[in-house]
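*Asks:* Read off the chains here:
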Amino acid sequence: MPKDSGIGASSKRREDVRFLTGAGNYTDDINVHGQAYVHFLRSDIAHGRIKSIDTSAAETMPGVVKVFTGKDFEGVGGMPCGWEVTDRHGAPMQEPPHPILAQGKVRHVGDPIAAVVADSLEQARDAAEAIELDIEELPAVLDMKAAAQEGATLVHDDLKNNICYDWHLGEADNDKVNEVFANAAHVTTLDLVNNRLVANPMEPRVAVAEYSRGTDEYTLYTTSQNPHVIRLLMCAFVLGLPEHKVRVVAPDVGGGFGTKIFHYAEEAFCTFAAKACNRAVKWTSSRSEAFISDAHGRDHVSRIELALDADNNFIGLRTDTYANMGAYLSTFSSSVPTWLHGTLMAGNYKTPVIQVNVKAMFTNTVPVDAYRGAGRPEATYQLERVVDKAARELGVDPIALRRQNFITQFPYDTPVALTYDTGNYDGTMDKLEAAADLAGFAARRAQSEANGKLRGLGINCYIEACGIAPSNIVGMLGARAGLYDAATVRVNATGSISVMVGAHSHGQGHETAFPQVVADMIGIDESMVEIVHGDTSKIPFGMGTYGSRSLAVCGSAMVKATEKVIDKAKKIAAHLLEASEADIELKDGQFSVAGTDKSVAWGDVTLTAYVPHNFPLEVEPGLEETAFYDPANFTFPSGAYACEVEVDPETGQVSIEAFTAADDFGNIINPMIVDGQVHGGIGQGIGQALLENCAYDENGQLLSASYMDYAMPRADDVPFYSVDHSSQTPCTHNPLGVKGCGEAGAIGSPPAVINAVLDALNSGGKSIDHIDMPVSPSRVWAAMNG
Amino acid sequence: MYNFEFEKPSTIADAVAALGGEDAQALGGGQTLIPTLKQRLAAPSALVSLGGIPEMQGVCVEDDGAVSVGGATSHAVVAREAAGAYPALAALAGQIGDPAVRNRGTIGGSVANNDPAACYPAAVLGSGGTIVTNARQIAADDFFEGMFTTTLDEGEIITSVRFPVPQAASYQKFLQPASRFALVGAYVARFADGVRVAITGASEDGVFRWSEAEAALGKEFRPDALMDLRINPMNMIGDLHGSKEYRAHLVSVMTKRAVEACM
Ligand SMILES: Cc1cc2nc3c(=O)[nH]c(=O)nc-3n(C[C@H](O)[C@H](O)[C@H](O)COP(=O)(O)OP(=O)(O)OC[C@H]3O[C@@H](n4cnc5c(N)ncnc54)[C@H](O)[C@@H]3O)c2cc1C
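These protein sequence lines map, in sequence, to chains H and F. All the letters of the first sequence, read from the start, carry residue numbers 1 to 786 under my numbering. All the letters of the second sequence, read from the start, carry residue numbers 1001 to 1263 under my numbering.
Bear in mind the hints are in silico, worked out from the structure with no lab data behind them. Beta carbons are placed, not taken as given, at the ideal position from N, Cα and C, and that holds for glycine. Hints are supplied without guarantee of correctness; some may be wrong.
[To be verified] One side only, chain F facing chain H, incomplete, derived with CB under 8 Å:
#, residue
1, Phe1174
2, Leu1240
3, His1241
4, Ser1243
5, Tyr1246
6, His1249
7, Val1253
Next up, chain H with everything else stripped away, as it sits in the complex:
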């Protein structure tokens, strides 16, 4: 029986009322009295040496408050990177400075050169046009393999080369790996590109900063997934401000998908300028600006090799990846191709020997960082494509080949540093086979063929590491932060509850799902519980929302804090009921004495906590508790996906006819929200697989710099999804047994789509091993006619 409230209920998303009725309060809705506007003059070339910047004419233009250039930030910190990766020789990664405004060189189209603060945005833009630049254009570094060569043009003159790090994970002994491959009965090799993407949240980035001369306090309103992280990075590394004098607020945020995790130069600029100009300063990104200033995602070029024995067991895996960092290191960029990617290369399989090699490259492109899935989609794509290719080469059923190699014993230590606590990959595959009616595929294919179309079925499995992450482990791996989270449960006198959480909600539905947990634990109505998030002055601390961590990590903190509240409330109830604390039970919002009919209601206890006339002397008044929670391990959601496509052989057009997802997310708090997260993730995965392509020309100009050329998935590009979440192996190490579901769809879907397209093409008699994403009609046609 589906529940109608509490844990397991598909409670309607309460935040949608304000989102859908235009009552949201986004950063751009915030206007501070007397604010000025900033316009950034951005580089229109990919690489150049700044010879001079003359701002004198601009400074005298109407409405101009102040014009800033890189010189104004000498002595100020640059944008920090939050993760130090150690290379294969034990040396730290090369970490070039990332100034707020360009100093010495411009390094990508969109690199900010100067900033004009003026009374109006149009005046700021007018003045920016009057800035005279003398920039000597240099050759653009774009191709990652060429950039790695000796003698290549340097993106950063002070570095020894363009390689940020050359990293490795897994089996270090090359001879041993070579031997596995030499003894293999079959080796499958595949060269792949994981296409660069632009995240494109519906709301572009915005920052509004104000400064009070009277109190020496700053407030920054910003479009962020993690306001505390922004405050910490900006105060400690960039501007050198005391944290207690800085408040960072991330109000309603219109989608992030990773690209709003990072601390951006524009945020630090507005904060700095608010004091320098003694005026609030506002920046609103235009959509065009977002394309060249929001961190991009993915952009890996890989070769993967899979070795199998004569019985088709996977015996070895080797992958070599070039990962694009762009021109500078964005906040978490360095961790994505390494600890979020290499560690996932075991996938769902018990491959005993795995070697992962990654070269991270600087190029004259926009910085690249985490985007929904972050590293895990890149790993899954490589692995699941090569497994599929192996099945085709060997003439075996792709599902049978996967099942044969599944990990079945848990906990399982992979050769690439993770310990999977639990899972049931065969069980999840069973769910998929039923939900996707795989038995009926042959008939559907025949029908498509009768209509002149090729039909293909693509299967994909995935594993992801979520609930990021145990601080002691990530600290060892180079993270410059802990990845715990925190919650304060504040019970009001009349029994309603405000929960201050570190996780930020920007589409995920925390405002609905989190109260379901607290209400369920106490046995009160969900409407009595409300979440407060997104404001450093209101919440204890929080590392924010990414890596499918909110419920697994912050939700666990919330559970712990609620347990503390309940423990204290029981003491008060015991006093009121003149019973022993050990005998007090809480059910349906009533405290009762076990084995009696004596009880007192939740509201009476909470009122007593704040009007403590009749109160246990040893207990403090009030009812509010805080807990921090540091996870013991990652969580490991997994799943199996099936995609069915039709290909028009005349035009190469691919249409997705069916998409089925079977996921194991452990326990589920709100099934409707989980379905929605999976739908959205699959939509983005289909976007990557079929449509989205962030492309540069040979001069480093962004070719897909607007929606005229960057294809986002639209409603009619995607099918109605079928999702099954009944395969559930609860996480073994967090109190709710939850694993996280936010990224799964984006991780699991691209290989399913590509596998399906190739199945369709090969069913038409062609022999086509691979087509790089996005599989646009022209690429499919070229492959068919190649």
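Once you've looked at the hints, dock chain F with the ligand against the given chain H.
*Replies:* Relative to chain H, chain F with the ligand alone:
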């Protein structure tokens, strides 16, 4: 956007007068011009809106049976009001952009702009239409002069576009995945005295007539007539969304599909 004066005359004569000012520019639905202004890629001194001129609005059937569309008529109105008299034209208008674009964008703006991937130029050329301006009448064959260029003079206004109605016609559009303009669009119109085939989206020279296809279809109007025809990829557009060869191939496929749809 730079500052400009805004005028909204109610007669063609007043509009022509207003456009006589230095750097004044006509404003149709603004679906092309306003984004250009927002990006500061144009700096007209004045915008003269054509949206308030009643005689430039609407669809009517003339005495000779031709369909005449007022130069400031929106795509949505054409999709609705031409559906009876010229279904292929109405269907084309109904496939342009999204509802917002169709309710703002106008035929005059589209034809004057002559975007190489726009839909209307294919209908105008494929139907052998006439562009009527405040000063003259221009046959479609003489009007389009290559990407974003036409014979229009400075300040000249398209007041209406006249379409002879063929016996059968169809527009087949293959979508550019991002913009959903035509990656390639083929307009095939069968008249009593011959067949016209206009291709948009494909060529470096903008919309063009595919004369070999017209000749072949004039002899026998069936899809197979096109079987041996290939268009030379050399002058085709090659970009992120499709190579020259792919566009040349799509010209054949879309033309064939348009013929099939006419049968
Ligand atoms: C999201 C989007 C999708 C689109 N998709 C398509 C599509 O699929 N197919 C397609 O064909 N088009 C498409 N368009 C373009 C759309 O059809 C525009 O309406 C059209 O290109 C311009 O018409 P307009 O009335 O908006 O002209 P405006 O933008 O107002 O003007 C364009 C130019 O024409 C001039 N002009 C305007 N009216 C006249 C006139 N009567 N006489 C002389 N000159 C005039 C202006 O001075 C200007 O130079 C799309 C546009 C957008 C924004």
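*Asks:* If a hint holds in the structure, say so; if it doesn't, say that too.
*Replies:* Against the structure, the hints:
Interface hint at Phe1174/F: satisfied, since its Cβ lies 6 Å from the closest Cβ of chain H, which is below the 8 Å cut-off. Evaluation of the Leu1240/F hint against chain H yields a held restraint, the C-beta minimum of about 5 Å falling below 8 Å. Of the supplied interface hints, the one on His1241/F holds, with its beta-carbon coming within about 6 Å of a beta-carbon of chain H, less than 8 Å. With a least beta-carbon distance of about 6 Å to chain H, the hint placing Ser1243/F at the interface is held under the 8 Å criterion.
Taking 8 Å as the C-beta cut-off, the interface hint given for Tyr1246/F holds, the closest approach to chain H being about 4 Å. The interface hint given for His1249/F is met, as the beta carbon of that residue sits about 7 Å from the closest beta carbon of chain H, less than 8 Å. Annotation: interface hint on Val1253/F holds; nearest CB of chain H at approximately 5 Å, less than 8 Å.
Violated hints are absent here; each numbered hint is respected by the structure.
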